[in-house]
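Our numbering runs 314 ahead of the 1-based position in the sequence shown.
Everything labelled a hint here was simulated from the structure, so no lab data went into it.
For glycine and all other residues, C-beta sits at the position ideal for the given N, C-alpha and C.
It is possible that part of the hints are untrue.
[Claimed, not checked] Between beta-carbon pairs, the in silico distance windows are:
1) A335 - T404: 17 to 25 Å
2) T341 - D385: 29 to 37 Å
3) T404 - Q348: 37 to 45 Å
4) G346 - S399: 27 to 35 Å
5) T402 - A335: 28 to 36 Å
6) T341 - A365: 27 to 35 Å
7) S364 - E340: 37 to 45 Å
8) S381 - S350: 23 to 31 Å
9) S345 - H393: 12 to 20 Å
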Amino acid sequence: MTDTRLLLLSPRDNVFVLRGAIEAGETIMVSGVQVSFEARIGLGHKVARSAILAATKVLKYGAPIGSATRDIDIGEHVHIANLKSDYTATHSLEEAKTEYAIGLKGRET
């Protein structure tokens, strides 16, 4: 059983997304395991659906959103302290030419 505040976006995901905040001191069920939270975790944040080993891809919407920088326990907050982006920039915004950006040139503010 899993707390109803935890939303699974894809069956491939190894994180849940919070549909409601979890307050510090709460104990909830995460994938059948009781997990106690020391700190508040807000709406929209992620918690581990299962243990995630360091360097493992973190999946949300069934797609990788980054890699774990250290081992992450089940129910642990998945955020910048334990997740790094694997995004590699393939373009530069300075080079972007859009109709909107072109239309703003010469416009007084």
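Verification of the supplied hints:
no. : hint                    : in the structure
1   : A335 - T404: 17 to 25 Å : violated, 36 Å
2   : T341 - D385: 29 to 37 Å : violated, 21 Å
3   : T404 - Q348: 37 to 45 Å : holds, 43 Å
4   : G346 - S399: 27 to 35 Å : holds, 30 Å
5   : T402 - A335: 28 to 36 Å : holds, 33 Å
6   : T341 - A365: 27 to 35 Å : violated, 18 Å
7   : S364 - E340: 37 to 45 Å : violated, 20 Å
8   : S381 - S350: 23 to 31 Å : holds, 26 Å
9   : S345 - H393: 12 to 20 Å : holds, 19 Å
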